[in-house]
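Those sequence lines, one after another, are chains A and B.
Okay, so the first sequence: first residue is 196 according to our numbering, each after it adds one.
Okay, so the second sequence: first residue is 30 according to our numbering, each after it adds one.
FYI, nobody ran anything at the bench for these hints, they're computed from the structure.
On a predicted model such as this, the values are computed, not experimentally measured, just so you know.
Glycine is no exception: its CB is placed at the ideal position from the N, C-alpha and C atoms.
Do not take every clue at face value.
Stated by the list, open to error - One-sided and incomplete, this derived list gives chain A residues near chain B with beta-carbon spacing under 8 Å: (1) R272; (2) L300; (3) D307.
Claimed, not checked - With a cut-off of at most 30 Å between alpha-carbon atoms, the simulated BS3-like pairs for lysine-lysine come out as follows: (4) K251(A) / K303(B); (5) K121(B) / K309(A); (6) K50(B) / K254(A); (7) K331(A) / K121(B); (8) K251(A) / K50(B); (9) K270(A) / K331(A); (10) K50(B) / K325(A); (11) K121(B) / K455(A); (12) K121(B) / K337(A); (13) K50(B) / K214(A); (14) K50(B) / K309(A); (15) K121(B) / K270(A); (16) K303(B) / K270(A); (17) K50(B) / K331(A); (18) K337(A) / K50(B); (19) K50(B) / K330(A); (20) K303(B) / K254(A); (21) K325(A) / K303(B); (22) K121(B) / K214(A).
Each chain is listed here by its residues.
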Amino acid sequence: MSTSIIEVEGLEHQYGDFKAVNGISFTVGKGEIFSFLGPNGAGKSTAINILITLLKLQKGEACIAGYDVRTEAEKVRESIGIVFQEVTLDRDMTVWEILEFHGRLYGMTRPDRKERIAEILELVKLGGQKDMLVKKLSGGMKRRLEIGRGLMTRPIVLFLDEPTIGLDPQTRMRMWDYIRTVNDEGTTIFLTTHYMDEADNLSDRINIIDHGKIIASGKPWELKNELGQDLVYLETSDNPRARSIITDLVSISGVSDKGKGILITTNDDGTKILPLIIEEIRNSGISVITVNLKKPSMDDVFVHFTGRELRDDKPGKSPATFRRR
Amino acid sequence: MVNYGFMTIYWRDMIRFVRFKTLLISSLIQPALWMAFFGIAMSASFDRLGASIPPIPGVPEVQYLTFMAAGVIAMTTLFTSLFGGIVLLFDKNWGLMREIMASPLPRDHIIFGIALSGMTKSFIQVMIVMIFGLLIGVSFFAGYTIAHTVVALLGIMLFVGMFSIGFLFFSAAISISMDTPEGLQGIITLLSMPIFFASNALYPVSAFPPVLQAISTVNPLSQLVNGVRYFAIGDNFTTMGIHYVYTPADILLSFTVLGIFAISMFGVAWWRFKSAVVT
Ligand SMILES: Nc1ncnc2c1ncn2[C@@H]1O[C@H](COP(=O)(O)OP(=O)(O)OP(=O)(O)O)[C@@H](O)[C@H]1O
Ligand SMILES: [Mg+2]
Numbered sequence: 196m197s198t199s200i201i202e203v204e205g206l207e208h209q210y211g212d213f214k215a216v217n218g219i220s221f222t223v224g225k226g227e228i229f230s231f232l233g234p235n236g237a238g239k240s241t242a243i244n245i246l247i248t249l250l251k252l253q254k255g256e257a258c259i260a261g262y263d264v265r266t267e268a269e270k271v272r273e274s275i276g277i278v279f280q281e282v283t284l285d286r287d288m289t290v291w292e293i294l295e296f297h298g299r300l301y302g303m304t305r306p307d308r309k310e311r312i313a314e315i316l317e318l319v320k321l322g323g324q325k326d327m328l329v330k331k332l333s334g335g336m337k338r339r340l341e342i343g344r345g346l347m348t349r350p351i352v353l354f355l356d357e358p359t360i361g362l363d364p365q366t367r368m369r370m371w372d373y374i375r376t377v378n379d380e381g382t383t384i385f386l387t388t389h390y391m392d393e394a395d396n397l398s399d400r401i402n403i404i405d406h407g408k409i410i411a412s413g414k415p416w417e418l419k420n421e422l423g424q425d426l427v428y429l430e431t432s433d434n435p436r437a438r439s440i441i442t443d444l445v446s447i448s449g450v451s452d453k454g455k456g457i458l459i460t461t462n463d464d465g466t467k468i469l470p471l472i473i474e475e476i477r478n479s480g481i482s483v484i485t486v487n488l489k490k491p492s493m494d495d496v497f498v499h500f501t502g503r504e505l506r507d508d509k510p511g512k513s514p515a516t517f518r519r520r
Numbered sequence: 030m031v032n033y034g035f036m037t038i039y040w041r042d043m044i045r046f047v048r049f050k051t052l053l054i055s056s057l058i059q060p061a062l063w064m065a066f067f068g069i070a071m072s073a074s075f076d077r078l079g080a081s082i083p084p085i086p087g088v089p090e091v092q093y094l095t096f097m098a099a100g101v102i103a104m105t106t107l108f109t110s111l112f113g114g115i116v117l118l119f120d121k122n123w124g125l126m127r128e129i130m131a132s133p134l135p136r137d138h139i140i141f142g143i144a145l146s147g148m149t150k151s152f153i154q155v156m157i158v159m160i161f162g163l164l165i166g167v168s169f170f171a172g173y174t175i176a177h178t179v180v181a182l183l184g185i186m187l188f189v190g191m192f193s194i195g196f197l198f199f200s201a202a203i204s205i206s207m208d209t210p211e212g213l214q215g216i217i218t219l220l221s222m223p224i225f226f227a228s229n230a231l232y233p234v235s236a237f238p239p240v241l242q243a244i245s246t247v248n249p250l251s252q253l254v255n256g257v258r259y260f261a262i263g264d265n266f267t268t269m270g271i272h273y274v275y276t277p278a279d280i281l282l283s284f285t286v287l288g289i290f291a292i293s294m295f296g297v298a299w300w301r302f303k304s305a306v307v308t
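Model the full assembly from the supplied sequences, consistent with the hints where possible.
This is the structure in structure tokens:
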């Protein structure tokens with residue numbers, strides 16, 4: 196991570212009067228898996244579209260693989276691979292044709308294409324579907340094909356916009372393994388997601404992005420540590436009063452409402468603090484209904500930084516997991 | 030490295046052309062149908078009209094069907110080329126264009142690739158119209174030697190190619206600027222009617238009012254028709270009592286007009302593509 200592959204400074208983008216990206220700065224080191232985690236409409240795709248030169252750079256500076264996004268767009272394009280958020284496969288072409296077309300677009304030579312297509316088909320396990328029309332592939336196969344296509348030209352940076360959207364849990368896991376493999380081979384990865392577990396599992400560094408701004412950034416464990424060591428969730432017969440009682444206890448760094456109960460962040464071992472908490476509450480004549488002790492998850496991190504109530508955000512449920520406020 | 034990037038676009042478009050069988054077949058049958066119904070129906074009445082006028086001695090007389098065949102060739106090329114860019118619009122709407130726009134392929138190669146495949150389709154259609162026409166009695170290349178016929182064919186293809194490429198550039202320019210196929214269809218319908226009717230494709234221009242005559246003389250479609258008639262019928266003939274004489278200078282001028290048209294349309298397309306944002 197000594198050299199940086201992506202450098203972005205003060206990036207802004209406006210659609211009409213609406214600022215979709217509002218002053219973003221970051222650097223991505225060589226070989227990193229770097230992610231943007233944010234709800235729908237946060238500005239993730241917009242930021243990616245600027246970096247991959249599909250949108251004009253309106254304000255700020257951006258450099259990819261040493262090339263200026265503003266003035267050396269063609270060089271940037273040669274250095275990157277892209278997997279778009281929406282499917283961009285021609286349904287009426289075969290798997291082989293999709294890859295052949297892509298290789299040609301990027302000016303690969305015929306022997307080079309032949310070799311690479313064979314490798315990619317092997318990698319994404321689509322060798323058996325080589326001559327199948329895209330419209331006959333399953334969603335997961337299509338996504339694999341797109342990721343394979345993004346890798347075909349051996350890019351220095353691979354941009355993945357919501358790579359596992361709409362995939363079943365098993366396929367997602369395999370996708371993650373696959374993305375890690377690609378990363379191990381030296382490809383720097385820029386990924387956007389609104390799945391907590393995906394960001395947590397894959398990223399070397401996470402940036403929580405909301406309303407066009409990066410509001411928190413760090414390694415997954417660093418972000419979680421900001422919330423203290425353990426989280427205690429309590430439901431009591433009188434939450435507001437319980438809250439005011441607990442706030443003053445030692446080793447407690449914060450209390451907030453969550454759902455039907457309250458969420459307590461601690462900065463010491465939760466197993467030792469929990470009995471004290473319960474005792475204090477009981478002594479005030481409030482009964483404790485439910486208790487839960489856990490390590491902070493990415494979900495908690497997200498709530499902490501965005502101040503937003505989280506919904507269950509597992510794949511397979513409603514894709515519109517977040518709502519804009 | 031010489032960049033043949035446009036061949037990539039060409040290759041893909043041709044794959045689609047042969048893959049969609051119904052589209053392929055209808056695009057091949059349609060011009061033949063025009064030729065058959067329109068030609069046979071109209072030629073009977075027009076020929077009766079011309080029969081009353083005494084022929085000019087030494088000048089070959091050409092039947093209306095033959096005269097009109099050149100018009101059908103031109104018309105087929107016009108429609109195919111005007112719609113040739115629509116694939117770009119579909120690509121854009123289906124999100125497929127993003128892959129191309131984000132690739133290192135220079136944007137003018139997209140324009141060239143689409144123009145080349147549109148031109149190929151026109152060539153195929155024109156061949157079909159001619160073969161079918163000859164079968165139903167169009168007397169193209171009458172009395173030509175084989176060498177003369179080959180030259181004539183090349184001449185026709187040169188005109189068809191130059192004409193179609195101009196309208197394909199135009200079509201590409203509109204397609205990349207529009208959001209819906211309906212919008213494109215509207216513009217094309219609006220334009221194709223005057224282009225078609227204010228031309229010498231089906232009727233002698235001399236019957237037109239002066240304004241229409243003036244439009245018809247600069248109309249690219251008329252230039253194409255001139256070229257096709259010159260190469261397929263000859264430089265001196267009568268039809269329906271009207272005497273047609275083409276000098277090589279006339280034909281060169283027609284070709285030049287088509288060339289200028291194509292270059293300007295490329296300019297328009299280039300401008301539209303440069304400012305196109307596809308996300
Ligand atoms: N072409 C456009 N014109 C106007 N507004 C747009 C356009 N594209 C995006 N926006 C707006 O910009 C904001 C950011 O959109 P963007 O697609 O970047 O979000 P995102 O973080 O990728 O969201 P998602 O998770 O839903 O993909 C949204 O409020 C969206 O409505
Ligand atoms: Mg997005």
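Against the structure, the hints:
Of the supplied interface hints, the one on R272(A) holds, with its beta-carbon coming within about 4 Å of a beta-carbon of chain B, less than 8 Å. Interface restraint check: L300(A) against chain B, minimum CB-CB distance 4 Å, threshold 8 Å, status holds. Of the supplied interface hints, the one on D307(A) is violated, with its beta-carbon coming no nearer than about 13 Å to a beta-carbon of chain B, more than 8 Å. Proximity of K251(A) to K303(B) is assessed by CA-CA distance (about 12 Å); at most 30 Å being required, the pair is judged to hold.
For a cut-off of 30 Å, the pair hint linking K121(B) to K309(A) stands: about 28 Å separates their Cα positions. A hinted pair counts as satisfied when its Cα atoms are at most 30 Å apart, and K50(B) with K254(A) does not qualify at roughly 48 Å. A hinted pair counts as satisfied when its Cα atoms are at most 30 Å apart, and K331(A) with K121(B) qualifies at roughly 22 Å. Proximity of K251(A) to K50(B) is assessed by CA-CA distance (about 40 Å); at most 30 Å being required, the pair is judged violated.
Restraint check for K270(A) and K331(A): the C-alpha separation of about 35 Å exceeds 30 Å, so the hint is violated. Of the pairs offered as hints, the one joining K50(B) and K325(A) holds, with about 22 Å between alpha carbons and a cut-off of 30 Å not exceeded. With a C-alpha separation of about 48 Å, the suggested pairing of K121(B) with K455(A) is violated against the 30 Å cut-off. As the CA atoms of K121(B) and K337(A) are separated by approximately 19 Å, the hinted pair is consistent with the 30 Å bound.
Simply put, K50(B) and K214(A) have alpha-carbon atoms about 47 Å apart, too far for the 30 Å limit, and the pair is violated. Distance restraint check for K50(B) and K309(A): the Cα-Cα separation of roughly 28 Å lies within the 30 Å cut-off, and the hinted pair is therefore satisfied. For the hint linking K121(B) to K270(A), the alpha-carbon distance of about 23 Å falls within 30 Å, and the restraint holds. Using a Cα cut-off of 30 Å, the hinted pair K303(B) and K270(A) holds, with the two alpha carbons roughly 17 Å apart.
Straight-line distance between C-alpha atoms of K50(B) and K331(A) comes to about 18 Å, which keeps the hinted pair within the 30 Å bound. Between K337(A) and K50(B) the alpha-carbon distance is near 25 Å, which keeps this suggested pair within the 30 Å criterion. Our distance criterion of 30 Å between C-alpha atoms is met by K50(B) and K330(A), whose separation comes to about 17 Å. Between K303(B) and K254(A) the alpha-carbon distance is near 20 Å, which keeps this suggested pair within the 30 Å criterion.
A C-alpha spacing of about 35 Å is found between K325(A) and K303(B), which places the hinted pair above 30 Å, so the restraint is violated. Taking the CA atoms of K121(B) and K214(A), the gap is near 24 Å; set against the 30 Å cutoff, the hint holds.
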